[in-house]
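Engineer: Here is what each chain is made of, one letter per residue.
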Amino acid sequence: MYSAKVMEHFLHPRNVGVIEDADGVGEVGNPACGDVMTFYVKVKEDRIAEVKFQTFGCAAAIAVASMVSEMAKGKHISEALKITNRDVAEALEGLPKQKLHCSNLGADALHKAIEDYLARKKEKEAGDDGNQSSCAR
Amino acid sequence: MVYLDYIAAAPVLPEVYEAMLPYFTEHWGNPSSIHELGEKAREALEKARAQVADLIGAAPEEIIFTSCGTEANNFALKGIAWAHQNRGKHIVISSVEHFSIMHCAKTLERWGFEVTRLPVDSYGMVNPADVEKALRPDTILVSVMHANNEVGTIQPIAEIGRLCRERNVLFHTDAVATVGLIPVNVEELNVDLLTLSANTFYGPKGAAALYLRKGVRIQPLLDGGIQERGLRAGTENVPAIVGMGVAAAIAKKETNSRIRHLQALRDRLIEELPKRIPDTILLGHPHQRLPNNVSVAIEYVEGESMLLFMDMAGIRISSGSACVSRSLKVSHVMLAMGISAATAQGSLVFTLGIHNTEKDVDRVLAALPPVVQRLREMSPLYHK
Amino acid sequence: MVYLDYIAAAPVLPEVYEAMLPYFTEHWGNPSSIHELGEKAREALEKARAQVADLIGAAPEEIIFTSCGTEANNFALKGIAWAHQNRGKHIVISSVEHFSIMHCAKTLERWGFEVTRLPVDSYGMVNPADVEKALRPDTILVSVMHANNEVGTIQPIAEIGRLCRERNVLFHTDAVATVGLIPVNVEELNVDLLTLSANTFYGPKGAAALYLRKGVRIQPLLDGGIQERGLRAGTENVPAIVGMGVAAAIAKKETNSRIRHLQALRDRLIEELPKRIPDTILLGHPHQRLPNNVSVAIEYVEGESMLLFMDMAGIRISSGSACVSRSLKVSHVMLAMGISAATAQGSLVFTLGIHNTEKDVDRVLAALPPVVQRLREMSPLYHK
Ligand SMILES: Cc1ncc(COP(=O)(O)O)c(C=O)c1O
Ligand SMILES: Cc1ncc(COP(=O)(O)O)c(C=O)c1O
Ligand code: FES
Ligand code: FES
Numbered sequence: 001m002y003s004a005k006v007m008e009h010f011l012h013p014r015n016v017g018v019i020e021d022a023d024g025v026g027e028v029g030n031p032a033c034g035d036v037m038t039f040y041v042k043v044k045e046d047r048i049a050e051v052k053f054q055t056f057g058c059a060a061a062i063a064v065a066s067m068v069s070e071m072a073k074g075k076h077i078s079e080a081l082k083i084t085n086r087d088v089a090e091a092l093e094g095l096p097k098q099k100l101h102c103s104n105l106g107a108d109a110l111h112k113a114i115e116d117y118l119a120r121k122k123e124k125e126a127g128d129d130g131n132q133s134s135c136a137r
Numbered sequence: 138m139v140y141l142d143y144i145a146a147a148p149v150l151p152e153v154y155e156a157m158l159p160y161f162t163e164h165w166g167n168p169s170s171i172h173e174l175g176e177k178a179r180e181a182l183e184k185a186r187a188q189v190a191d192l193i194g195a196a197p198e199e200i201i202f203t204s205c206g207t208e209a210n211n212f213a214l215k216g217i218a219w220a221h222q223n224r225g226k227h228i229v230i231s232s233v234e235h236f237s238i239m240h241c242a243k244t245l246e247r248w249g250f251e252v253t254r255l256p257v258d259s260y261g262m263v264n265p266a267d268v269e270k271a272l273r274p275d276t277i278l279v280s281v282m283h284a285n286n287e288v289g290t291i292q293p294i295a296e297i298g299r300l301c302r303e304r305n306v307l308f309h310t311d312a313v314a315t316v317g318l319i320p321v322n323v324e325e326l327n328v329d330l331l332t333l334s335a336n337t338f339y340g341p342k343g344a345a346a347l348y349l350r351k352g353v354r355i356q357p358l359l360d361g362g363i364q365e366r367g368l369r370a371g372t373e374n375v376p377a378i379v380g381m382g383v384a385a386a387i388a389k390k391e392t393n394s395r396i397r398h399l400q401a402l403r404d405r406l407i408e409e410l411p412k413r414i415p416d417t418i419l420l421g422h423p424h425q426r427l428p429n430n431v432s433v434a435i436e437y438v439e440g441e442s443m444l445l446f447m448d449m450a451g452i453r454i455s456s457g458s459a460c461v462s463r464s465l466k467v468s469h470v471m472l473a474m475g476i477s478a479a480t481a482q483g484s485l486v487f488t489l490g491i492h493n494t495e496k497d498v499d500r501v502l503a504a505l506p507p508v509v510q511r512l513r514e515m516s517p518l519y520h521k
Numbered sequence: 522m523v524y525l526d527y528i529a530a531a532p533v534l535p536e537v538y539e540a541m542l543p544y545f546t547e548h549w550g551n552p553s554s555i556h557e558l559g560e561k562a563r564e565a566l567e568k569a570r571a572q573v574a575d576l577i578g579a580a581p582e583e584i585i586f587t588s589c590g591t592e593a594n595n596f597a598l599k600g601i602a603w604a605h606q607n608r609g610k611h612i613v614i615s616s617v618e619h620f621s622i623m624h625c626a627k628t629l630e631r632w633g634f635e636v637t638r639l640p641v642d643s644y645g646m647v648n649p650a651d652v653e654k655a656l657r658p659d660t661i662l663v664s665v666m667h668a669n670n671e672v673g674t675i676q677p678i679a680e681i682g683r684l685c686r687e688r689n690v691l692f693h694t695d696a697v698a699t700v701g702l703i704p705v706n707v708e709e710l711n712v713d714l715l716t717l718s719a720n721t722f723y724g725p726k727g728a729a730a731l732y733l734r735k736g737v738r739i740q741p742l743l744d745g746g747i748q749e750r751g752l753r754a755g756t757e758n759v760p761a762i763v764g765m766g767v768a769a770a771i772a773k774k775e776t777n778s779r780i781r782h783l784q785a786l787r788d789r790l791i792e793e794l795p796k797r798i799p800d801t802i803l804l805g806h807p808h809q810r811l812p813n814n815v816s817v818a819i820e821y822v823e824g825e826s827m828l829l830f831m832d833m834a835g836i837r838i839s840s841g842s843a844c845v846s847r848s849l850k851v852s853h854v855m856l857a858m859g860i861s862a863a864t865a866q867g868s869l870v871f872t873l874g875i876h877n878t879e880k881d882v883d884r885v886l887a888a889l890p891p892v893v894q895r896l897r898e899m900s901p902l903y904h905k
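Protein chains in written order, with this note's numbering: chain A, 1 to 137; chain B, 138 to 521; chain C, 522 to 905.
Just so you know, not all the hints are guaranteed correct.
Unchecked claim - In silico EDC-like pairs for lysine to aspartate or glutamate, Cα to Cα no more than 16 Å straight-line: (1) A:Lys44 - A:Asp116; (2) A:Lys97 - C:Glu582; (3) B:Lys177 - C:Asp832; (4) C:Lys561 - B:Asp448; (5) B:Lys390 - B:Glu152; (6) A:Lys121 - A:Asp21; (7) A:Lys52 - A:Glu70; (8) B:Lys389 - B:Asp191; (9) A:Lys52 - A:Glu20; (10) A:Lys42 - A:Asp116; (11) A:Lys75 - A:Glu50; (12) A:Lys52 - B:Glu514.
For the record, the hints were derived by calculation from the structure and aren't laboratory data.
Could you put the whole structure together from the sequences, leaning on the hints where they help?
Structural biologist: Now the structure itself:
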């Protein structure tokens with residue numbers, strides 16, 4: 001059913017775990033549908049310095065998360081945001097048709113984590129601006 | 138290899154295998170041919186029919202061979218619906234039926250029939266009182282499975298059958314999970330139609346049957362020649378049916394010893410799994426349960442992942458998790474039992490067979506806990 | 522024994538037999554199981570699908586396995602009728618179809634469909650012009666068999682298919698008598714659906730298929746699980762399907778040499794029988810005919826009697842089609858061809874197979890004339 005690549009990532013997933021002081025966290029899915037995926041990123045100079053994930057899902061979900069984490073590591077966030085579901089499925093040498101949705105999960109969770117980072121950054125900048133302006137006042 | 142997926146498929150018995158072989162290359166006749174080779178095939182067919190009938194306490198002419206349990210279930214529901222629609226268009230099924238009943242019922246709804254789905258309790262058990270409530274003057278058929286293939290719960294069929302008979306409503310039971318595994322007698326169960334399948338009792342794939350009580354009218358699902366008294370056309374799969382007959386005869390003799398063997402293994406798994414894996418829930422009824430079924434939900438992990446890790450370890454099991462069911466839906470059986478979708482994701486089904494040993498159980502008990510542990514550590518839902 | 526009833530049943534090839542065996546006791550998995558044993562079974566299933574597709578020039582995903590030709594025919598007619606009834610309720614079949622089409626059509630009539638039955642000429646041949654006349658705006662399906670199992674006549678399927686396509690009407694052909702015996706290509710034949718059966722080409726009983734052109738909508742006959750892309754539920758008969766695949770691959774390679782062999786034997790029977798038995802009429806088309814079919818009517822005698830005397834002499838033949846014989850009705854095929862009921866009574870059908878030899882033909886030619894002579898002497902219809 002699964003490609004050798006999928007099985008390899010499933011059996012030996014990279015970057016499993018939690019980053020306690022993550023710069024961004026993204027969670028997608030719903031346990032009712034059998035899939036929850038959480039991505040944690042640490043960002044340095046707009047590059048993904050560290051990435052970890054947790055998943056509650058099938059073998060495809062685990063392999064996808066592992067592959068996405070590998071693909072994202074070291075990338076500029078603008079590049080990481082461009083990782084598509086298709087890229088992930090291709091990198092895994094294909095996924096069974098009914099499991100293609102799992103590849104959405106991985107990329108979506110990563111993108112959400114990056115967006116979370118960007119939102120926090122913006123908030124912080126807004127906050128900084130606010131402080132500055134209040135200071136200036 | 139440790140194989141604990143007997144509900145999905147089983148090897149045939151050596152005696153069954155030996156009995157089938159000559160029908161491929163030596164006695165290859167068509168039972169409808171009136172020469173000697175056809176005659177031989179017909180005799181073999183009728184012998185098998187008597188053997189299968191004997192297994193369930195039926196008369197040989199009440200057995201109609203089909204190609205699989207699904208065909209027999211479709212035949213029962215559609216055939217009775219077509220033949221009796223002038224009396225009414227209401228049908229009752231349970232909410233934990235196999236897909237081959239569930240989806241038939243949906244098709245019947247598209248054809249203008251009305252279907253009531255009986256609720257089940259948290260063990261997956263139908264309450265006969267609910268059957269009584271569901272019966273209407275236009276009810277023509279009730280179909281409740283004998284035992285559930287996923288959670289192993291055995292339904293109060295005899296009682297439901299009695300209620301139906303009192304109300305003059307035909308009663309069908311899908312006994313694919315029970316016939317040949319536990320004693321089944323069509324008289325005691327008060328059924329008018331019953332589905333059974335050879336592979337449950339180590340007969341071959343491609344052979345199953347519908348028991349149809351004498352005098353019950355039905356429309357064929359497969360129109361054509363006059364095989365099976367005109368009720369199921371098509372050249373009979375003689376080798377498979379011969380194998381089914383032999384398997385039935387052996388099952389009849391060995392039922393009790395098989396049950397003892399299976400129950401011991403089952404009970405050890407049921408007892409030990411929750412001890413070794415915290416947050417493991419037994420699904421299905423604790424006592425009214427198939428002797429070969431262990432169905433559990435393991436919280437915070439997903440079935441397919443466990444299944445594949447176990448597969449790597451040489452252990453073949455099954456799961457009712459959504460990720461396994463190509464349709465990506467959680468088992469309707471577990472949902473009907475009120476199990477949350479998240480919990481149902483962690484479903485594992487072990488079905489034991491005659492070849493299993495204590496050692497197989499030991500291997501499962503050794504292999505599963507670390508797999509669960511590993512997956513739980515990956516799981517965002519799990520917090521120690 | 523001389524066996525000349527290959528249309529009724531045939532032994533499986535040694536290669537087929539060998540290929541099937543491991544699937545009973547070794548690779549017994551269920552193709553739907555996602556562990557290694559299921560995986561093996563699924564791979565075997567998909568390999569067989571590709572082999573069968575290749576035999577008829579189809580894509581693998583256009584092959585749906587069924588349990589017999591009858592099931593595939595029922596699936597084709599009922600499944601298309603159900604799926605397309607909103608477009609129209611008119612169906613066209615020929616008057617010489619196998620019972621599994623004929624009786625399906627009757628059932629469809631009971632369900633409110635209208636059926637036109639095409640006439641045939643004295644050879645049992647459908648005239649495409651009649652198809653054209655029969656087509657109406659509400660025609661949803663035409664079904665004409667590729668070759669007739671009783672009289673061997675091969676129909677102008679490609680032309681009928683072309684007409685149907687022009688008019689946007691789906692076209693099915695029951696090719697149970699041809700696939701694996703003569704070259705069959707679904708593209709050349711312009712068919713949308715085609716029924717084939719393994720035993721025609723020395724595959725096992727219990728395996729057949731419906732070819733369904735990509736994009737054609739159909740309703741399942743067997744509702745249930747998602748086997749066969751949800752179009753035919755039920756656990757697949759893996760050993761039989763594996764056997765069918767191997768048989769298809771061999772048939773593809775050997776078709777031409779088999780035809781040469783069969784035709785020589787056939788033509789000798791066709792030539793010699795009337796010479797040795799006066800008032801013997803060849804039934805079916807003289808040239809557009811199956812290479813293995815010799816169908817004759819022997820005047821003043823009755824088929825069963827000849828058949829049983831031949832059986833005594835160790836020669837297995839048939840009279841009319843196998844599944845008709847027990848219904849004690851004169852063949853509808855022969856009646857449609859304008860053959861009188863009295864003449865049709867004397868029908869004998871010889872169907873040759875790869876194992877037949879010149880010597881078998883000699884034995885028939887030696888044994889039959891005295892049998893006929895003896896019966897004629899008893900017959901009040903016979904006057905020398
Ligand atoms: C032309 C034709 N169609 C269909 C069938 C039905 O096949 P089965 O008996 O395998 O269902 C037969 C059987 O001989 C046949 O000859
Ligand atoms: C309870 C029950 N009914 C029906 C079936 C359908 O049997 P088959 O797949 O042989 O058609 C199954 C198959 O596992 C089953 O478990
Ligand atoms: S997480 Fe359910 S199919 Fe992948
Ligand atoms: S004469 Fe006896 S069945 Fe026809």
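Engineer: Determine for every hint whether it applies to the structure shown.
Structural biologist: Hints and how they fare:
no.	hint	verdict
1	A:Lys44 - A:Asp116	15 Å, holds
2	A:Lys97 - C:Glu582	14 Å, holds
3	B:Lys177 - C:Asp832	13 Å, holds
4	C:Lys561 - B:Asp448	13 Å, holds
5	B:Lys390 - B:Glu152	14 Å, holds
6	A:Lys121 - A:Asp21	14 Å, holds
7	A:Lys52 - A:Glu70	10 Å, holds
8	B:Lys389 - B:Asp191	8 Å, holds
9	A:Lys52 - A:Glu20	10 Å, holds
10	A:Lys42 - A:Asp116	11 Å, holds
11	A:Lys75 - A:Glu50	10 Å, holds
12	A:Lys52 - B:Glu514	13 Å, holds
In summary, this structure violates none of the numbered hints.
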